[in-house]
Every structure is written in C-alpha cells, then in structure tokens.
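Student: What follows is the residue order along each chain.
2 protein chains.
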Amino acid sequence: MKLTVVGLGPGAGEDLTGRARQAIEAAELVVGYTAYIALIRNQFPDKEMVSTGMRREVDRCRLALEEAAKGKNVAVVCSGDSGVYGMAGLIYELAREYPPMDIEVVPGITAACGGAAVLGAPLTHDFAVISLSDLMTPWEKIEKRLACAAQADFVLCLYNPRSHNRPDYLRRACDIILRYKPETTVCGFVRNIGRAGEEAVTLTLGELRDREDVDMFTTVFIGNEQTVLLDGKMVTPRGYLQRP
Amino acid sequence: MKLTVVGLGPGAGEDLTGRARQAIEAAELVVGYTAYIALIRNQFPDKEMVSTGMRREVDRCRLALEEAAKGKNVAVVCSGDSGVYGMAGLIYELAREYPPMDIEVVPGITAACGGAAVLGAPLTHDFAVISLSDLMTPWEKIEKRLACAAQADFVLCLYNPRSHNRPDYLRRACDIILRYKPETTVCGFVRNIGRAGEEAVTLTLGELRDREDVDMFTTVFIGNEQTVLLDGKMVTPRGYLQRP
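So the sequence lines, in the order shown, correspond to chains A and B. Its first residue numbered 1, the first sequence is counted upward by one per residue in the numbering used here. Its first residue numbered 1001, the second sequence is counted upward by one per residue in the numbering used here.
If you are wondering where the hints come from, they were derived from the structure by calculation, not from laboratory data. Be aware that a few hints might be false.
[As the list claims (entries may be wrong)] Straight-line alpha carbon distances no greater than 27 Å define the calculated DSSO-like cross-link-like pairs of lysine-lysine that follow:
(1) B:Lys1047 with B:Lys1072
(2) B:Lys1072 with B:Lys1002
(3) B:Lys1047 with B:Lys1070
(4) B:Lys1002 with A:Lys141
(5) A:Lys141 with B:Lys1047
(6) A:Lys47 with A:Lys70
(7) B:Lys1141 with A:Lys144
(8) A:Lys72 with A:Lys2
(9) A:Lys2 with A:Lys70
(10) B:Lys1070 with B:Lys1144
(11) A:Lys144 with B:Lys1070
(12) B:Lys1072 with B:Lys1141
Excised from the complex, chain A in its bound form (with noise of 0.2 Å):
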C-alpha cells in the first residue's frame, strides 16, 4: 500500500527529477490529468495509467487511494510541484478516510524556478506566489496578497494569470499592483515552459496589463525595485556586486 505524489516538472521531460522516474517506473498504476498523462504516456509506454478531466481532482485522488488500498503501488502525477497548487494537500485530507498507508510527496521543478531560467534570474531575492485563480480563494484574499507583496517590494510570480472565464483578472491584479510599483517596473512571462511552443516575453508592467495573449498556461513574473532587463533577460541582482 504505497502512494506517491510526483511533481513532474513544468514539461514533464529533460526538467523530470530521478525520484520522480524511478517513482513512475516503480507504480502499478499512474492516476492524472489527462493532459498531464499525454506529456508522459510515451516515456513509460507499458504503464497503466488512468486519466480524468478539468476539475476531477476529488475523484481522481479517491482512484488513487482506493487502488493503493486495495494493495498497489500508485503514483499520482502533477505538473510542476507535487506540492504547489498541486495535489499532495488533497491526498493527505482524503487519506483519512482510508487504511493507513505510505505516502511519499516527490518535488518538481515548480513554473516559477521553471519560468525563471527561461526569462533569466528573476527570483533570486524574496518573492511571493500568487494564483488569480479564484475558483477556491475569495478574489477579495487574492487582491490583499497582491497589494501586501507589492507593497514590500517582493518579486511576484502569478499563477493562473487569465482564462476565457477572467480575461480581466491580469489587468485587474496590476492595476493593484500599479498602486505600489511604476508603470516602468520590468516583467516578463512564459507561455508552455518546457513543453512544445515555448515562448517568453519581457516587458513593462505597463504593458503587462493590457496584454490579451497570456493565458492559464502562462506564468507572469513582475520585478521588484532591483530587476533590470541585461542583454534582454529579467535579472534582479541581489546585491553581491554591491556588498561591502
């Protein structure tokens, strides 16, 4: 009775950790997001693996730890983190209702250290992780967060930035953050990190705001004081140059 949550990293590929493969090898049964599955249906071509649509999370998780009592070895697979908006919470709430077993959370690479590289070194000072999805959180808790974090100074790394249901959620959320940070302050975003059609783009939060072209597969990075563009990378140095 085993069950182990497995980030798969943003694109499920070269980024995918050794724990995480040798987790997948060792399930009898892999249980994900069908577009999760596809990323990793070819690399464990004779596994067994169960895929469930958009917001199947309960069910897909209960699949899981029903196999995993009934005496398998099951991996759940996440993108990204295992951990971060990902599902390792939800099994351990639901694992309650069943025998006790073994979990295991194995970590990914999380899209904001995946986006990062791809853009340059923009978290490499205090930053915050927000998700504009407000399907789970009161948009209300969501709008403090952005002003709290603006307002220090942090990097911010925005999940979930806008979908067809909130195509005015990243304008919303900058026009929060205008109020602590100028309209110069450098950004950037990555569309399908490490995945098929890979792009990142550098600009102001100025610009940021009204763009149409960021979607739910996009991470937003917004700079603090410090972040400066170098040759057409977000850089935020963190003081080594400057240090006494």
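Fit chain B to the known structure of chain A by using the hints.
Tutor: Showing chain B alone in chain A's frame:
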C-alpha cells in the same frame, strides 16, 4: 563558449533533474562552493571541478566566465535552484564584462519545494519566500516583507533563518509574524533536506520562536489560517473539498 548555471536540488542526489545531470556531464569544468562540489564529487568522478569557499561568489562566477570565454564548456553549480538565492543573477550581471557567450539556466528543486515535500503539503496555496540573511538586504526591508506577508495570510517559507552571527533573527521574525498570525499557527522546519541527517519537525509558531536548533541548513515553514496537522503532516488544504 557555453556557461550553464545548474540547480542541484536540495541534496544533489535523486532530486537532480535529467537536464542538470546532462549539463554536468557535458561540462569540461564544474565550478561551485566547496560544500556543493562535495555533494556531486562522487557522482562525476572524472570531472574537472574547482571549488571556492563561502562568500567567494563573485570570484567563483568570474572564474567560470573566464574559462568559458576561453572556449570551455563550464557549469556553475548551486544548491537547490540556480535562480532562487542562486548564482544565475550574478552570472548575468558579470557576463556583460566578457565576450558574448551562450548562457543557460537549468532550474533545480528549491528548498521550499523540497522541504515542503518532507513536511507534507504546506505550500499548496499562495506563499512567500523570504531570506532572513541581512548580509545584502537591510533588516528593515526584511521586517517589512515579513509583516506584509503575514498580514496577507501567505504561507511563509524562510531561508537562512538563523546562524551563529544572527542567533536572534528567527525570534525577531516570529515576533513580527505573531502580530498578525496566532501563536497556534501550524509551522514546521526541515534540516539537511535530501542529505544525510535529514530531520523534520512540526510545531506551533509560539514554539518555533524559541527554537535554538534551527540553523543555516534549515528551511522554516509557517502556515496560513487553514494549515493543519494531519497525522503528523503539515498540510494547507487548497479548498477542493469545500468547493461548491
């Protein structure tokens, strides 16, 4: 002329990604802080490696850039991620003094994700990462970030929480956080993530304040309003079970 900044993950062991391993294998010279070179020395026995001591970050990066400018394929290795408090930013800053070269940043599992996986699932919701080291950041700025992040109910992840020279920093940080979060807030810390002697502790914010056994090799997690202990694991429910 190729320089790769490689994140090794917390312990440079099974949490090393495929891309990081390939980058080290492809490098003709590997440069890093003594303790990080020690972590990978045995895994790449025939590789030319140069290690330099603590606080020699600028020298280390210059050495790597000089060797790359001579035509070598050089890898600079960092513990955890290459960006998060890593060397990627400094490399981009210094690279402008050298001939143009191909620079690649390879992300790694940062201690926030690696430590969270050991504790359970504390980072499943919005979080802020703050270093308590004031070597390069004024303490007033750190205080403001602690206060703002606590006020907005972020989960907090603290790097460099305490050292010989700064024995009271964790206490000072907790006192600021205690203005906004109750003493009973669920917290945890992990020492030596992914390395020999890995140790995880869960406790309350009130208890964390007075811990003397938190050191520079420890990463600290402070929960949000929802964070709970479930069978000894620190878990921040994201809200799937409460979703309408």
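Student: It remains to establish, for every hint, whether it holds in the given structure.
Tutor: Each hint, compared with the structure:
Between B:Lys1047 and B:Lys1072 the alpha-carbon distance is near 13 Å, which keeps this suggested pair within the 27 Å criterion. The straight-line distance between the Cα atoms of B:Lys1072 and B:Lys1002 is roughly 7 Å, inside the 27 Å bound, and the hint therefore holds. Distance check on the hinted pair: B:Lys1047 and B:Lys1070 sit about 18 Å apart at the alpha-carbon level, within 27 Å; holds. Taken as a hint, the B:Lys1002 and A:Lys141 pair is broken in the structure, with Cα atoms around 45 Å apart against an allowance of 27 Å.
For the proposed pair A:Lys141 and B:Lys1047, the alpha carbon gap of about 50 Å is over 27 Å, so the pair is violated. For the suggested pair A:Lys47 and A:Lys70, the alpha carbons sit about 18 Å apart, so the restraint of at most 27 Å is met. At roughly 19 Å between alpha-carbon atoms, B:Lys1141 and A:Lys144 fall within 27 Å of each other, so this suggested pair holds. Note on A:Lys72 and A:Lys2: the hinted pairing holds, with a Cα-Cα distance of about 7 Å set against a maximum of 27 Å.
The straight-line distance between the Cα atoms of A:Lys2 and A:Lys70 is roughly 10 Å, inside the 27 Å bound, and the hint therefore holds. With a C-alpha separation of about 44 Å, the suggested pairing of B:Lys1070 with B:Lys1144 is violated against the 27 Å cut-off. For the given pair, A:Lys144 sits about 50 Å from B:Lys1070 by alpha-carbon distance, which is inconsistent with the 27 Å threshold. Only pairs whose Cα atoms come within 27 Å are accepted, and B:Lys1072 paired with B:Lys1141 is rejected, the gap being roughly 40 Å.
Hints 4, 5, 10, 11 and 12, counting from the list given before, are not met by this structure.
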